[in-house]
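Asks: Protein chains in written order, with the working numbering: chain B, 7 to 505; chain A, 7 to 505; chain C, 7 to 505.
Be aware that one or more of the hints could be misleading.
Just so you know, same-sequence chains aren't split out, so a pair can sit in one copy or run between any two.
Only pairs whose alpha carbons sit at most 20 Å apart, straight line, appear in this in silico PhoX-like list of lysine-lysine [what the hints assert, rightly or not]:
no., residue 1, residue 2
1, K166, K408
2, K405, K274
3, K408, K175
4, K497, K171
5, K216, K405
6, K168, K497
7, K152, K347
8, K216, K408
9, K126, K81
10, K156, K436
No lab work stands behind these hints, which were simulated from the structure alone.
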Amino acid sequence: MKNMAVIICILTSFVGGGTAISVEVPISEASAECIDCHSATHPGIVNDWQNSRHAKITPKEAMAVEGVARKVSSKTVPENLQNVVVGCAECHTLRPKAHADTFDHNENNIHVVVSPDDCKTCHATERQQYSKNIMAHAYGNLADNKLYQKLEHSILAETKYKNGKINLKPANDATKSETCYYCHGTKLELKGYETRDTEAAGELEFPIIKGWPNQGVGRINLDGSMGSCSACHTRHAFSIEMARKPYTCKECHVGPDVPAFKVYAASKHGNIFSAMNSSWNFKAVPWTVGKDFTAPTCATCHVSLLVNTEEEVVVERTHQMNNRLPWRILGLIYAHAHPQKPNTSIIRNKDGLPLPTDFSGGFATQYLIDKKEMEGRRQTMQAVCLNCHDSSWVSGHWKRFKNTIRETNAKTLTATQIMEDIWQHGWADKKDSFYNEAIERKWSDTWLFYANTIRFASAMGSGGDYGVFSDGRYQLSKSLMELNDWLDLRKQLESASKK
Amino acid sequence: MKNMAVIICILTSFVGGGTAISVEVPISEASAECIDCHSATHPGIVNDWQNSRHAKITPKEAMAVEGVARKVSSKTVPENLQNVVVGCAECHTLRPKAHADTFDHNENNIHVVVSPDDCKTCHATERQQYSKNIMAHAYGNLADNKLYQKLEHSILAETKYKNGKINLKPANDATKSETCYYCHGTKLELKGYETRDTEAAGELEFPIIKGWPNQGVGRINLDGSMGSCSACHTRHAFSIEMARKPYTCKECHVGPDVPAFKVYAASKHGNIFSAMNSSWNFKAVPWTVGKDFTAPTCATCHVSLLVNTEEEVVVERTHQMNNRLPWRILGLIYAHAHPQKPNTSIIRNKDGLPLPTDFSGGFATQYLIDKKEMEGRRQTMQAVCLNCHDSSWVSGHWKRFKNTIRETNAKTLTATQIMEDIWQHGWADKKDSFYNEAIERKWSDTWLFYANTIRFASAMGSGGDYGVFSDGRYQLSKSLMELNDWLDLRKQLESASKK
Amino acid sequence: MKNMAVIICILTSFVGGGTAISVEVPISEASAECIDCHSATHPGIVNDWQNSRHAKITPKEAMAVEGVARKVSSKTVPENLQNVVVGCAECHTLRPKAHADTFDHNENNIHVVVSPDDCKTCHATERQQYSKNIMAHAYGNLADNKLYQKLEHSILAETKYKNGKINLKPANDATKSETCYYCHGTKLELKGYETRDTEAAGELEFPIIKGWPNQGVGRINLDGSMGSCSACHTRHAFSIEMARKPYTCKECHVGPDVPAFKVYAASKHGNIFSAMNSSWNFKAVPWTVGKDFTAPTCATCHVSLLVNTEEEVVVERTHQMNNRLPWRILGLIYAHAHPQKPNTSIIRNKDGLPLPTDFSGGFATQYLIDKKEMEGRRQTMQAVCLNCHDSSWVSGHWKRFKNTIRETNAKTLTATQIMEDIWQHGWADKKDSFYNEAIERKWSDTWLFYANTIRFASAMGSGGDYGVFSDGRYQLSKSLMELNDWLDLRKQLESASKK
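Could you put the whole structure together from the sequences, leaning on the hints where they help?
Replies: Following this line, the structure appears as structure tokens:
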């Protein structure tokens, strides 16, 4: 990268009704050079950046902010970055030797994929928190778990039908990248270089990156780091506003396996958000309950630093995401205490399987947080609730939620016991995979879709249709009946065959 | 409660961009005392209220408004309430002897749960209308109907699997409160008192209320009244804007059993709302067609007082909800004329069952509104339509809707006849319950989910995907085939067994 | 129609907060006469129009605009229309002899249904493009295809159950009009006249139009033209803003058969739209990437004229809709190259069936666009993508999409081969219809709902839940297992019967 001599640019940004505001900002010479070409070839990227906070304030100015309003958490920022705004070159030329995809681009050492380890230059605390986030390990937590791999295989595999049998062939990387690993993150790998004929600058050489594009939460980057800040802080706006709105979380949390957005949108909180959010302030740091917003979004409860109207801190910011959550309510046969460590592939239940519970619902306690930690997390979460609800409301809500965890676990136990019956009769094969026969999928529906939807409705909405008729208890109870009906039919058939 | 001596407070409310507007309002001494502590302990509640109309205008000022713009419908309001804004104490200390949960709170007689009978102090007409609303009776309509109780039991019951059989144990109150009764409303009961150590004021005593929290439409309150105004006018903003937007209705009307919001959002009306509502006026009373909004929301057609641009009344406000509706299109095997009375648990069909139709589709006419009443309701509804549609459009729409009622009733009759065949063969047991076997649930899907979705799509959207491929006729016709397929398989099995 | 003498009216329109802006506009005498009565009888219609661009600018002024900002594409507009705004009479009295529904209304020759051939008076290019749009032929493409008619029949038919058999009777026009033809468009026919007693003007005569109301994209109009501009440009606002927002497309593209809106709303693009669109400019023509919007809506990629910030054209406007699309990914057993002609009912596969592929997945190539045309369309689409994404991102995305087409086609081939096995065994009847038995519907689910949802998730979202757990590969693979399970059970039953 060339030198970072500061040049003053007039940045014109268009807001709302089309009013133009011009401000003078110091842009590095290197970034100015990027913008020179890219403002024409990639106007979407350049404009997004121009409207971002990164284009409007230098790290030095940002570091001068004191107390809870401060956004730059790093105690020090390299001298050469302090007095220019955070432009293209500032991120895409950072730590060139660390990135396998660094390449020469008009005499600059550019890397395509900016990683959390780049972002930590200014946002050290968030990066450190995020590394403890189970999401940071989302790639390995799926790819390194043999049982999850079997489920993945049964869903993604290519199929061929021959002699009355469906044969499966492992899915290729293209399929994997746009399915499970779209959200979990792909593993990026440098595969070589290619020359492309560009309109702006003729022939140029670029790296070929396997797994690209991707912005999954647990992406394995080309510097070895895990995660992608742009999963939520969409490039190149890096918008706190967008990350605080529930649509960002919806990208990965909307299907029947994780119906958080659907449940939220139909809850009282979601109603208030939908009806009133156009008058809220999504940019304020810290975020003041009652003043900046009047109902929580996903970020309010799970991520943001909140203060009350007397400027007292209600909860600290976290990018660990699950540290206000005692229970993990999705994805597995039974709800259970959260894993202690973000790498869940190391967990073994009493039968040696990589699962946080056994098939009878027992916890693999040594890998899970203990009651004290659960209690602390509950209290942190409830500190948020208590700004708008009195303690009888909050404790009443929580009692029902815990009841629902117990009750849904009992129902998936019933489902599992019927399934065990079927496996023992030999009418389905447990050994090869738990998920590759029609009746096994009816069983996995019960916990992967219905029990978890019920729990989300309980946790986030205090009830409502997603707990009853919309992938809720109606569907869960029906599935139990259907499992039994299927088993009963095989019994009848067996008895008919014996006659 | 202490005296109500007026003190003048400066109320600062933050709007939109963060601009602060300060106004002087007379707040009662008692409410000022509440705010003293609660603005710190419950900033969300206090801020919501400060931004509400209740915090900005006294009943006396509100009563001075003449004609259709008037919001306070009571002819008289107690003297002591007239000259202070409607603050905490004004509602939470009203009628202390009527409320079982009244308790001493810093020398004030406070009750936790404000009821419609409190609200009627100023809003008498709305309260009176709402008492005729079928929603006001939503608790008893479910809890006191033996057939509905069987459906509820089959959905909510706890399960245990033993010897190839699923055993059911009645669901507990916690489960009931966050499922059916989340929307229908719980029955609140005072269970005693508990002492809690509060941060602000040390040890205090509070009532323990069974069924709390809840804001269901038919909640049985601690003064014996039925309903919860905050179901739609969310506490403590009491916002007409929010109640007029469809997200409020969505809270209970989004699942496949009552897919009103989903159908609306995909309709032409919903499209216009979604695209254009940011420029509409949701606060105006009366609400002027064409000027304040250009497409209806739920409230427009079912609740609001509407005027045209010449200030003529198009329809009167109603909180009865169904008095613009001739047909009840959901929840039961067949669409039918609306019940005469809000208490539907008294209805008996010709077979003595608490249903508005018999299993062959015949109406329990003596409990349902007659043709003249249906005709009147149709006309009231169409008075709304005719502001934007000519009469050929409106009558064309209505003819299709009536055809759809007839046609979907015929299809659920087919489903019921197949089910009767199955019951008669003894392959399912009609006597114990209609809903606790897999095949019975396939039958209930046909009318509880598909026939009603089709009718909503017809009524609210004039058609579209929810009438065809999204829980519509594709799914309904498929279910008929599946019922038949199931029956056919049992016949084959029986015949195989006999050989 | 009476003369068109211009009269100057003061048009008061209410915007946003209720501010009134008064402007003088020349309204024709005829339109002024319409407004006289209709502003009271149809305030919704008149107000919508008053807020529209049609009410604010004359064709002459609109034609004076040069270059890409021009909205009137016709080179000439009749003299008598040039100097008045586009009011009621200007459209509803155009070409009176061409319209079968023209009738005398207060001495004006009015027609109810305004058609694309009326709109082309000013918007000739758009009308011409739209005539090549497959949507323009949506009526005939469904009504004139014998195989589609069988699917339609199996879904819509009225049912009667007798002797263990479901009998089907063809659906009537009312049902058809609010189902398939709600979106596809009805065939309008003049059925006579009726006298109605109107409040404003006593007895008046009006035409009776079969198939009315309707605003489907392929409506057959009373002047013989095909299509309905108001399908997207909702009457009488004719709003470009509304057509550019995704809610308009949602009206027909939301169900599991065409889940475009659902997939979009959960995509990164949809997230950005939902979070940020309140600050975008949806009215600007041309539409500038990065300045007017920062993420695409449906219209951006498929319809709109786009320029970059240097005012260079990125893509030309099109109303053909599919001319940026090489592949057709929905509605049929296999994804395939787009049909050459908008009339798809003429297509025949190698077996003589009106399908673009045969049952083994082979293309009816002579009716489909060739590779060169596909390549051109891909490039046009990617010209949009490249404003915000570099070419490695875009080509990476595209490779995955093509992989998904291949892979999903292979899976629906597996489903079809199992189904063929079932048909050959005689356990379902292929000859009468492919869709009227339970197991056939399980087969049609695989391609009508799941394979296409997966492709939409790939094309529009680069992946995500709609490709996996929400009508995606989980459901597709499960359906293959269930087809096999059903077949296997029949084999067992047959074997049991033979003993």
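Asks: Hints numbered earlier in the text: which of these fail when held up against the supplied structure?
Replies: Hint check: nothing fails, all pass.
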